[in-house]
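Visitor: Sequence:
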Amino acid sequence: MISKGKLAQIHIAKAQLGLSDEDYRAILARTAGVSSSKELTNRNVGAVLHEFRRLGFQPKAPKRAGRLPNTFNKHEQLGKIEAQLADMGLSWEYAGAIAKRQTGIERIDWLRTEEQFRGVIAALDIEQQKRDLIAYIDERLAALGRTREELAERYRLPEKWERNLPVLKKLATLLPEPGYIQTFDPSC
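All residue numbers for the sequence shown refer to this note's numbering, where the first residue is 14 and numbers rise by one.
Keep in mind that a hint or two might mislead.
Said to hold, decoys possible - The list that follows gives simulated cross-link-like pairs (lysine-lysine, DSSO-like), each with its CA atoms no further than 30 Å apart:
hint, residue 1, residue 2
1, 93, 27
2, 93, 17
3, 73, 51
4, 173, 93
5, 182, 113
6, 93, 51
Claimed, not checked - Listed next, with one range per pair, are the computed distances between beta-carbon atoms:
hint, residue 1, residue 2, range
7, 126, 152, 36 to 44 Å
8, 103, 185, 17 to 25 Å
9, 177, 101, 43 to 51 Å
The hints are simulated quantities; they were obtained by calculation from the structure and are not laboratory data.
As the structure is a prediction and not an experimental result, all values here were calculated from the model.
C-beta atoms are modelled at their ideal positions from N, C-alpha and C, and glycine is treated no differently.
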């Protein structure tokens, strides 16, 4: 006995070709030696379908076949994450914690979609920006002979300002560049 899919394909071909019941049974008898499609086997169903194609039957691709193939390269994304982690001296557990917080998936290598990886990579990019801005601010403060505490007091910074990207960006624009003479008075 053949699958339901093959049986359906034979009946679709019969309808598409507009065959009468008599013509249909004649094709079955001539190509497979049977009088009914229920008598077809996996061996002889191919001959019947081939004959229907020869007569003009054009099978339609299943709806799924119309989707774009998944060309997502998981290993490429893991390589990007690995490079970001190495640049910041962070472990895979750090990326795993980001993945779990964003997706609920416990391990980074269990992520499947490009969107999931994109979220982790974006979070690591933001972490890198924060670290770069903190390094720049620390460098500027050292050149001015000041501390983070004085900076926080001077600008009335919120708690945990060192982790707040918008605050860090604003501070980086407020601190003077090297060679620019300005007095930094924390009491102002």
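Visitor: Checking against the hints above, which ones are violated?
Guide: Hints 1, 2, 6, 9 are the ones this structure does not satisfy, whereas the remaining hints hold.
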